[in-house]
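Following the hints, put chain B in place on chain A, whose structure we already have.
Below are the chains, spelled out letter by letter.
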Amino acid sequence: MAASTLQPQSSADCRERFNRLAAEWKEKSRFLSNTAQMALLRPYQAIIGMGMPVVPLILEEMEREPDQWFWALESITEENPVRPEDAGNVRQMTKAWIDWGRQRGLMK
Amino acid sequence: MIGGPQFPRLTAHNHRVTSPATPDYNCIAWCAGDTQHWWQPGVYWPVVAAADDFGIGVVEQAFAELGYADCGHDISLEAGHEKIALFGSGAFYTHAAKQLPTGKWTSKLGRDVDIEHDAPDDVAGGVYGEVIQTMKRST
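Protein chains in written order, with my numbering: chain A, 527 to 634; chain B, 2 to 140.
These are calculated hints, taken from the structure and not from any lab test.
Heads up, the beta-carbon is just placed ideally off N, CA and C, and yes, glycines get one too.
Stretch by stretch, here's where chain B covers chain A in the computed footprint (C-beta under 8 Å, at least three residues): (1) 554 to 568; (2) 591 to 597; (3) 613 to 624.
Bound conformation, chain A alone:
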């Protein structure tokens, strides 16, 4: 394991690491449809392992480009703000999470 993962990270380090892992995950999951398979990819698991500090970065990324970040957000926050009637609708699920983030001051 890299030493950097054992030391406190600055917000800039966190962002750089998230951007790198997110890009890697998007490339590896590009053609996948099975959400569990997508979530078990190593970059995605590493992002989940970053914990609460990565949540604003995920929200920012999904606002820019909606994607299957819901599994990670639920895993990290143990919350799910998506209304049952919006389940499966990527745009509505994304909006629910962004609203959730704004209500908690996690996004501008």
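Frame of chain A; chain B shown alone:
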């Protein structure tokens, strides 16, 4: 053109892109005629399923609920029937493709594009593993 190690059997001659990439729906939704949802067990799925159920059985159950029944590996064009092919790799279901009335097949590739291809096997051999099962229903 789609290809490379993830799709070693796709060539310039056996497929064509038919729509732009979108994260709004996946291959399972596409085969079910739904372009508004990303189908996922435990989240949006036609039968009760655990969110961490990711095997071929859960996708077979979903299409059985939609009226499809197993037809072995018969991918022939049959009047009065529509067919789907289910793919798996390791423990995972990976993909579903649907036969068009022309006899060709259509696939939504994850969050990427839709393609039309000559046969189910064209998208196998790489990221989707192999065709595990074919199912059909009356039209």
